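There are 2 protein chains.
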Amino acid sequence: MKKLINRPDDVVRDGLAGLAAAHAGMLRVHTDPDYVVRTDAPVLGKVAILSGGGSGHEPMHGGFVGRGMLDAACPGQVFTSPTPDQMLAAAQAVDGGAGLLLIVKNYTGDVMNFEMAAELAVDSGIAVESVVIDDDVAVQDSLHTAGRRGVGATVLAEKICGAAAEEGRPLAEVAELCRRVNAATRSMGVALTSCTVPLVGKPTFELGPDELEFGVGIHGEPGRERRPVATAAAVVEAMAGAILDDLPFVAGDRVLAFVDGLGATPLLELYIVYHELERLLAARGITIARHLIGPYMTALDMAGCSISLLRLDDELTALWDAPVVTPGLRWGA
Amino acid sequence: MKKLINRPDDVVRDGLAGLAAAHAGMLRVHTDPDYVVRTDAPVLGKVAILSGGGSGHEPMHGGFVGRGMLDAACPGQVFTSPTPDQMLAAAQAVDGGAGLLLIVKNYTGDVMNFEMAAELAVDSGIAVESVVIDDDVAVQDSLHTAGRRGVGATVLAEKICGAAAEEGRPLAEVAELCRRVNAATRSMGVALTSCTVPLVGKPTFELGPDELEFGVGIHGEPGRERRPVATAAAVVEAMAGAILDDLPFVAGDRVLAFVDGLGATPLLELYIVYHELERLLAARGITIARHLIGPYMTALDMAGCSISLLRLDDELTALWDAPVVTPGLRWGA
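Protein chains in written order, with our numbering: chain A, 1 to 333; chain B, 1 to 333.
Just so you know, not all the hints are guaranteed correct.
What the hints assert, rightly or not - The list that follows gives simulated cross-link-like pairs (lysine to aspartate or glutamate, EDC-like), each with its CA atoms no further than 16 Å apart: (1) B/Lys2 to A/Glu167; (2) A/Lys2 to B/Asp313; (3) A/Lys2 to B/Glu115; (4) B/Lys2 to A/Glu206; (5) A/Lys2 to B/Asp210; (6) B/Lys2 to A/Asp321; (7) A/Lys202 to B/Glu206; (8) B/Lys202 to A/Glu206.
Stated by the list, open to error - Residues on chain A that point at chain B, a partial pick, calculated with CB under 8 Å: (9) Asn6; (10) Val11; (11) Ala22; (12) Met26; (13) His30; (14) Val229; (15) Pro266; (16) Leu268; (17) Tyr271; (18) Glu278; (19) Leu280; (20) Asp301; (21) Cys305; (22) Trp320; (23) Leu329.
Everything labelled a hint here was simulated from the structure, so no lab data went into it. All values reported here derive from a predicted model rather than from experimental measurement. Where a beta carbon is used, it is the ideal one built from N, C-alpha and C, also for glycine.
Starting from the given sequences, assemble the full structure and let the hints guide the process.
Printed below as a string of structure tokens:
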């Protein structure tokens, strides 16, 4: 295993220390328990948004803490859920009296721990709404999941709900928006290589030199099937086809297209994928009105990409365009 | 070779098509000859800045075209210099009557072709200044270079000179700034893996499972030496030591620290590297006043990173902070 790390045990802490050192103007990192909060937390009268999950998906979630996105993120160990006590401490650090939205990716450990954290937060006097994200069309159940996995829609929901909370909208409305984003998003990933978890030291799965894993999860969970290497056009057609048929998306739709790198994918390849996606959607009468291209929700050092499509309306578009100032996403300010 | 591409011959064109489709608000892509220009080019009365080089380093250079940075970028084939006719066509497309700055990375092919382009541009009535970037401390001469290679300082010079040109400064002053940035920057890279050029189809060099290439170039050129795998702390100490001793940087210096991913490096690892760098510099009395962390100057799918340090003064800092709106770098607007 070759990685730019120190001890495998220290990967999460060392990464958080780097995040804190680099972005002191946007966020603070608390240790024991570990969580990341925006520098001006708590913002009185604003709905607080908290997300989190296993580490190894950077910049998600810690890199999305800041004005216009998350108030707090709780990082677990690599590919391991954070704990309820972490979440409660983070919730109390960001509670501004207007309630708390928990954005939860649909993995069994995350769902269980966020449920416990929600109960603890309610007991401590905080109003809580939880939304579980489950946008991955690849498989119905998975290695770590009952029901569909939560993937790219998480990033989009964090941005859009962050903007709504920044506008001063009430908790019920921000939570409803989160459900709308999840319901209007479909995603699918493909792996060219496995990732390697630092504490394991060897690849999570084996892929032959001419194989792709279609529908892979962001922890290396198996997908729909293995297929031989194909052109970017063929790969995009298979992924986008599954996504489009599922909602379904139809001619006249305006979408946000998110082409995500899984950690070891050159930007050049992501632009080639985006080009194929744009052509395919145009042929179906679907317009890309907004896009996000880059490594935003990764799987350690996995090569590959995922595609997410969110069906936009004017409100979602305006909230997407609103200013955001985080290490991972930044515009308008 | 597994990559998200179509035909290896089409990699550059397909990538440019994706860039054009995604960022029509910032830039336009011209084909035959291939170049990228900002949408509002030519900007009358403003110094135009043109850079370019082989493709495979995305987002550099095409992703740095836009307000506050480059007016034009000329992409060659992968790891191959663009041609003088490309550069001349791009120069004429962005000439706003205030002259042209060519920012050239020090590789033999680039230097020769940019020199020819400069002569052609002068013949066509454009005032031209050229600055060759050579910030890599790893080796004195290299596979494709007489003298030091140009690496991370290129990104910093493009941003800083772009801001100065946007302010309306004259050509001689913008060129002088470019020379100052180059003179005040030192860089070094390390590879964990080779890259694979699409048209070649196999890795450019072989590295053992426990080896690192110290001082690697952004085309996979050999570095100073092979070393066994080491901790991030030890790797950073070796790289930063070579950088700091070379200028030399001294206690009291304020620097811009650029931790660059070479294409297949997870952001988590770059933050771990940044943390080690910040600690090492602090111990020497050197303050990181600005930073840039991410994949900005890549080498296709190479795993590894490079570190660049630029000694800042107030003027360089202010120009770094000025608004920039490009696909690759964006803030302040």
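Status of each hint after checking the structure:
1. B/Lys2 to A/Glu167: Judged against 16 Å, a Cα distance of about 45 Å means the pair is violated.
2. A/Lys2 to B/Asp313: violated (37 Å)
3. A/Lys2 to B/Glu115: Not satisfied, since the Cα-Cα distance of roughly 41 Å exceeds 16 Å.
4. B/Lys2 to A/Glu206: holds (14 Å)
5. A/Lys2 to B/Asp210: Since the Cα atoms of A/Lys2 and B/Asp210 sit roughly 7 Å apart, the hinted pair holds (cutoff 16 Å).
6. B/Lys2 to A/Asp321: violated (35 Å)
7. A/Lys202 to B/Glu206: violated (20 Å)
8. B/Lys202 to A/Glu206: Violated, at about 20 Å.
9. Asn6: holds (5 Å)
10. Val11: holds (7 Å)
11. Ala22: holds (6 Å)
12. Met26: Status violated, d = 12 Å.
13. His30: violated (16 Å)
14. Val229: Status holds, d = 6 Å.
15. Pro266: holds (4 Å)
16. Leu268: Hint holds; A/Leu268 Cβ to chain B Cβ min 4 Å, cut 8 Å.
17. Tyr271: Status holds, d = 3 Å.
18. Glu278: Check passed: Cβ of A/Glu278 comes within 5 Å of chain B, closer than 8 Å.
19. Leu280: violated (12 Å)
20. Asp301: For A/Asp301, the interface hint holds, since the closest Cβ of chain B sits about 5 Å away, which is under 8 Å.
21. Cys305: Hint on A/Cys305: holds, closest Cβ of chain B at ~6 Å, below 8 Å.
22. Trp320: violated (15 Å)
23. Leu329: Interface hint status for A/Leu329: violated (10 Å vs cutoff 8 Å).
When the structure is compared with the earlier hints, violations turn up for hints 1, 2, 3, 6, 7, 8, 12, 13, 19, 22 and 23 and for no others.
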